[in-house]
Amino acid sequence: MKDRLTDSLATAIEHGRTGLDARMQALSGKLAYADTAYALPVTYAVTGIAVRDADGAREAYRQSGSNLLVACECLMAGEGGVEIPYTGFIPDAVLRRLGYTLVDGSVTGLGLLVGTPESPDAAAAICREMQEKYLLTFLAGGVVEALSGAGVRLGLDYRLVPLGPESARGIHFADILARVAMMFGGVQPGDVHSLLGYAAERAKAFVIAFPGLTDEEAAFVDALRVLGIPILAAGEGYEGGEWIPVAPATAVRTGMDLRGIRVTVTAIPIPMACSPAFEGKSIRKEEMYVEFGGGRTPAFELLRMRPREEVKDGMVTVVGPEVDAVPAGSALPLAILVDVAGARMRADYEPVLERRIHTFVNYGEGSWHVAQRDLIWVRLSKEAVAKGVRIRDIGTLLAHKLKAEFPDHIDAVQVTLVTDRQKVEEMLSEARKVYTARDERIAGMKDEDVETFYSCTLCQTFAPNHVCVITPERPALCGAITWLDARVAHEIAPAGANQPVPKGETVDAVSGEFAGVNRFVKKASHGEVDRISLYSMIENPMTACGCFECIAAIVPEVNGILIVSRDFTGETPLGMTFSTLAGTIGGGAQTPGFIGISKNYILSERFLQAENGIKRVVWMPASLKEELGDRLREKLAAQGMPDLFAKIADEVSGGREHDRQQ
Amino acid sequence: MTDSSEPGPAVREVRLGATRAEGGTREVSYVIGGDRGLPFTGNRPDRLLVALEVCDDPQFSPPVVRDYVGDLANNPDEWARAAERTYGADIIRLNFTSTKQRGFDAFSEIAPTMERVLAATARPLIVEGSSEPELDSEVFRRCGEAGEGERLLLGTAEADRYRSVAAAALAYDHAVIAQSPIDINLAKQLNILLRETGIPGDRIVIDPYTGALGYGFEYSYSVMERIRLAALAGDADLAMPVISAPADTLTVREVREATPAEQDAIAVAWEFYTAYASFVAGASIVCVRHPLTVKRLHEALEV
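Chains as they are written, first to last, in numbering that gives the first Met the number 0: chain A, 0 to 661; chain B, 0 to 302.
The set of hints was computed from the structure by calculation and includes no laboratory data. Don't take each hint at face value.
[Stated by the list, open to error] Below, simulated EDC-like cross-link-like pairs (lysine to aspartate or glutamate); rule was C-alpha separation at most 20 Å, straight line:
(1) A/Lys284 x A/Asp323
(2) A/Lys432 x A/Asp323
(3) A/Lys280 x B/Glu217
(4) A/Lys432 x A/Glu556
(5) A/Lys646 x A/Glu556
(6) A/Lys634 x A/Asp446
(7) A/Lys522 x B/Asp234
(8) A/Lys280 x A/Glu364
(9) A/Lys522 x B/Asp236
(10) A/Lys132 x B/Glu137
(11) A/Lys284 x A/Glu364
(12) A/Lys132 x B/Glu133
(13) A/Lys521 x B/Asp234
(14) A/Lys521 x B/Asp236
(15) A/Lys521 x B/Glu133
(16) A/Lys522 x B/Glu224
Sequences and hints are given; from them, build the entire structure.
Here it is as structure tokens:
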């Protein structure tokens with residue numbers, strides 16, 4: 000409580016406190032509410048005392064540290080009831096239903112309107128907006144009559160609950176919060192700490208105060224702030240305190256923003272079902288109506304954060320031909336550009352949210368997606384296109400899903416889908432710059448700088464016991480999640496697929512074995528894998544799901560290592576293609592001598608350091624050499640081997656390589 | 000089993016139903032779970048429960064069940080009474096199939112149906128509430144309220160629609176079925192989501208989804224097995240008992256196309272072998288729909 004008595008609201012509150020104090024001392028008789036198992040609920044929740052009479056009330060008030068909510072409740076319990084249509088104290092049975100709607104999300108938050116509005120119409124507009132936003136609104140004071148006069152229908156069915164004719168009846172708002180916390184939040188009577196926690200995090204509430212509160216009423220309303228409830232002053236007379244002045248027209252919006260209340264829509268308006276049940280279903284070539292990327296056409300996806308005013312929420316734009324403009328079996332270029340905005344959005348969330356495009360597109364019954372960034376491959380099935388699914392619907396699906404799954408971080412999403420070849424090619428180089436910038440963000444970080452790695456078990460749908468362990472110097476084997484991304488993903492979804500892995504004691508620094516990692520992997524692999532080495536492909540190598548960008552394999556004849564990337568379709572010097580090798584090592588098994596890796600891991604200082612790392616590499620496809628190009632040359636030069644790059648064989652310079660023995 | 004004085008991790012115990020002493024009106028309540036080993040390695044068989052389904056709208060029952068139960072199908076309370084007394088079900092699974100109708104709005108019928116069924120049987124109830132996400136809020140609240148004090152097992156929570164079921168369970172003190180699409184990680188994630196709403200772990204039963212024998216059951220079997228192994232390895236988020244409802248078994252082609260003379264026998268056989276295999280995989284409750292399957296399962300469990 001502030002001690003500046005010079006300004007009006009603070010003065011009023013102090014006056015009110017003195018008045019309430021005096022009335023508490025004079026209080027007498029029995030105190031009770033009807034039809035509740037929680038005595039005087041606020042007092043019970045705060046102090047654990049079930050108050051029955053005035054002496055008990057004074058003792059509870061004292062124990063609460065002169066909490067004004069306790070005082071107001073005790074005083075109110077000593078007064079009589081109210082006439083219909085006012086509800087007064089709400090019995091437990093009714094409250095259970097109200098609390099239910101709050102927990103189940105059909106009510107998004109709670110509002111209390113007190114005082115007497117200058118303009119009944121403005122107050123009516125506030126109520127309409129609160130109804131539209133699924134808020135449950137309680138009314139106390141002159142506002143009730145003003146609304147009735149303006150023709151607003153009141154009652155539980157309308158989510159507008161008139162508590163009483165005096166603003167002081169607003170105390171029932173506090174007893175509702177207290178009982179919801181005890182009924183639904185497991186808050187024990189007397190546990191103020193968890194009561195405050197519940198009120199702050201779960202029961203999202205705000206107050207709109209119209210003019211005309213008495214000093215005691217102002218003191219009571221102000222006391223609600225301890226519960227984390229912001230007080231919005233919609234009118235004159237409340238300057239000089241902690242109340243937030245608002246224009247009536249922006250009051251609801253402000254309250255919702257302050258409490259992070261959002262309205263979500265679950266049904267996605269597209270002509271195809273959308274559920275995780277369809278996630279594992281692939282669309283074969285014969286079932287495919289149109290495809291994008293996958294080597295046939297240029298395609299990429301990019302999610303970026305934008306200022307709020309540049310994102311028109313829900314807008315989906317298609318640039319270029321729609322799918323019904325091409326015959327069945329066609330391939331179109333594709334750029335999936337997702338722009339998101341949100342008060343709590345951060346640029347380093349971009350890659351994590353972008354990775355979800357893969358999941359969400361696969362949720363569609365007739366849409367399919369593999370890989371990431373500029374390697375994506377998307378298909379729409381004939382069946383889906385016949386039902387009216389267009390590429391536009393993928394945009395709608397993404398816009399809805401991103402908002403629904405990340406309500407705390409995303410306030411608005413717009414999606415642009417480009418199928419015009421020239422435009423896609425133009426934008427592709429821009430997108431690649433973004434990808435490179437993201438990769439560089441983590442480039443300077445070392446494994447020894449951190450105490451915690453992160454796991455990724457996204458692929459356990461396909462490979463049930465596979466666990467990726469992601470370190471600053473070893474990205475996920477799919478190449479799409481760096482250590483930073485995983486950390487962010489964990490922040491966004493604490494129960495999700497990326498969990499912190501404490502390194503624990505170092506078992507072997509060279510092969511990268513850590514006690515904490517082993518403990519984690521054992522648990523997350525459901526007991527299948529006891530030990531993994533992060534920097535070795537021979538001793539307890541990491542398991543692989545099937546999403547790896549590359550495979551590294553021992554070439555026994557030359558005692559060297561070859562690396563083959565997914566895009567290389569020819570035979571490797573081992574006599575096996577990428578897909579044959581992939582079939583051998585995937586599925587969550589440990590296969591000594593073979594591992595799945597990301598491209599960026601090849602450039603890492605920790606790259607297979609137990610096997611002497613990059614020095615051991617004898618073969619890569621030309622395309623991979625070209626892609627790593629300058630970055631790899633630089634790395635080798637820095638290690639004092641400037642001519643090694645040229646010595647790494649490829650399918651052009653020789654399928655079998657004998658020259659490069661150590 | 001070892002004699003170690005430090006017992007290893009166990010599946011949590013979940014109480015279903017409430018006797019008068021427990022605040023309800025059931026003649027019996029059950030505690031399922033509590034297992035410390037693999038199924039049938041020291042399990043107490045009285046913890047394995049057979050549920051028989053009763054629908055409030057018979058048109059969504061499989062034809063073979065409708066034909067067998069006849070007029071009972073039009074009276075869920077009579078059907079529930081027969082499920083207990085004639086067919087010997089341990090627990091009644093009341094399925095509000097009426098909510099599958101297009102444009103369902105008979106919300107006022109839910110509480111009376113609940114009350115009639117609760118009055119007709121003294122066994123605990125599994126209540127499958129809403130079939131449509133947009134009905135969830137209205138339906139689950141009424142189911143929960145009408146069963147207050149009876150510790151129902153309320154279904155079904157899924158990853159993208161669990162709030163209403165959870166709210167009803169919290170408000171009226173029931174347990175919840177948490178269903179995931181044959182995926183151990185989604186099962187775990189849903190349990191975590193439910194925990195975050197405030198549902199205690201001893202009021203969650205996992206439904207890993209059960210396919211029909213010959214139509215994908217092996218996936219369900221393997222997930223149930225893995226959930227149990229994870230629980231025994233100490234994963235508290237998966238240490239809940241499992242319920243299996245092989246609902247598709249009575250609509251497979253072999254049952255649909257059986258001759259009238261053989262139809263009941265084939266339906267019961269299909270359901271029995273699927274459900275029994277679920278017990279073997281670790282389920283604590285199996286839900287069946289053909290009345291004759293109940294006895295067959297009880298006989299098999301006694302051996």
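A quick look at each hint next to the structure:
Our distance criterion of 20 Å between C-alpha atoms is met by A/Lys284 and A/Asp323, whose separation comes to about 18 Å. Taken as a hint, the A/Lys432 and A/Asp323 pair is broken in the structure, with Cα atoms around 32 Å apart against an allowance of 20 Å. Straight-line distance between C-alpha atoms of A/Lys280 and B/Glu217 comes to about 18 Å, which keeps the hinted pair within the 20 Å bound. Straight-line distance between C-alpha atoms of A/Lys432 and A/Glu556 comes to about 40 Å, which puts the hinted pair past the 20 Å bound.
Taken as a hint, the A/Lys646 and A/Glu556 pair is honoured in the structure, with Cα atoms around 17 Å apart against an allowance of 20 Å. Distance check on the hinted pair: A/Lys634 and A/Asp446 sit about 18 Å apart at the alpha-carbon level, within 20 Å; holds. Among the hinted pairs, A/Lys522 with B/Asp234 is consistent with the structure: their alpha-carbon atoms are about 8 Å apart, no more than 20 Å. Between A/Lys280 and A/Glu364 the CA atoms are separated by roughly 8 Å; this keeps the pair inside 20 Å, and the hint holds.
About 12 Å separates the Cα atoms of A/Lys522 and B/Asp236, which keeps this hinted pair within 20 Å; it holds. This hinted pair checks out: A/Lys132 and B/Glu137 have alpha carbons roughly 18 Å apart, not beyond 20 Å. Only pairs whose Cα atoms come within 20 Å are accepted, and A/Lys284 paired with A/Glu364 is accepted, the gap being roughly 16 Å. Simply put, A/Lys132 and B/Glu133 have alpha-carbon atoms about 17 Å apart, close enough for the 20 Å limit, and the pair holds.
A threshold of 20 Å between alpha carbons decides the hint, and for A/Lys521 with B/Asp234 the separation of about 11 Å falls inside it, so the pair holds. For the hint pairing A/Lys521 with B/Asp236, the CA-to-CA distance comes to about 16 Å; that is within 20 Å, so the pair holds. Taken as a hint, the A/Lys521 and B/Glu133 pair is broken in the structure, with Cα atoms around 41 Å apart against an allowance of 20 Å. Taking the CA atoms of A/Lys522 and B/Glu224, the gap is about 16 Å. The hint holds against a cut of 20 Å.
In this structure, the hints that do not hold are numbers 2, 4, 15, in rising order.
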